[in-house]
Amino acid sequence: MQIEAKNNRQVFLRRLNSNDLDHLFDYLQNLSFETKKRFGPHKFDRQSIIEFYDFNTNLGYVAHTLDTKEIIAYSIIKIGYLEHDAIRLQSYGMTLDINTDCTFAPSVADLWQSCGIGNNLFRFILSDLSTMEIERIILWGGVQMDNEIAVNYYKRNGFKTLGQFAYNGDNYDMIYEIPNKPSK
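Residue 151 in numbering that gives the first Met the number 0 sits at position 152 of the sequence shown, and the numbers go up by one each step.
Don't take each hint at face value.
To be verified - With a straight-line Cα cutoff of 25 Å, these simulated DSS-like cross-link-like pairs (lysine-lysine) come out: (1) K5 <-> K42; (2) K154 <-> K77; (3) K5 <-> K77; (4) K35 <-> K77; (5) K36 <-> K154; (6) K159 <-> K68.
No lab work stands behind these hints, which were simulated from the structure alone.
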């Protein structure tokens, strides 16, 4: 799907494929220290990326420029939930489902933040998930409370706060409930 970013550049949104791994590695290496410390679903080396996508439970999504093909945003959807988050999520009264829940981890290149890329990529992911049985999207490891830009991004996109927890600072657990799909 092609969009125009707020900086008037043309951007393409799509699922990650096996030909993207070198470009993804470059993208991850070029993130600032601050962005890297807030995004950590996998390590940033080539082998870890390859191993991360060896299983069918992880889906990658990218935004790249049309002219240079440079990846400028990267998001992950893990079908199911993170085992180490399960007890905490259940403490909010959630009944977790490995088939209808998924876990979400987004990132946007530093120079492309606030250009509308994250919002558009999330809508693209929602569209893709509509073809699956997914009903809820859980934030991967929550969001740091002091990351106001991210917290506002999630709220703007319809995520609701479940609760708070402490891990390397104070964090929110947030969830997005996918609206009911029309009957076929």
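Okay, the hints, checked on the actual structure:
no., hint, result
1, K5 <-> K42, "violated (30 Å)"
2, K154 <-> K77, "holds (21 Å)"
3, K5 <-> K77, "violated (29 Å)"
4, K35 <-> K77, "holds (19 Å)"
5, K36 <-> K154, "holds (21 Å)"
6, K159 <-> K68, "violated (34 Å)"
The structure is inconsistent with the numbered hints 1, 3 and 6, although it conforms to all the rest.
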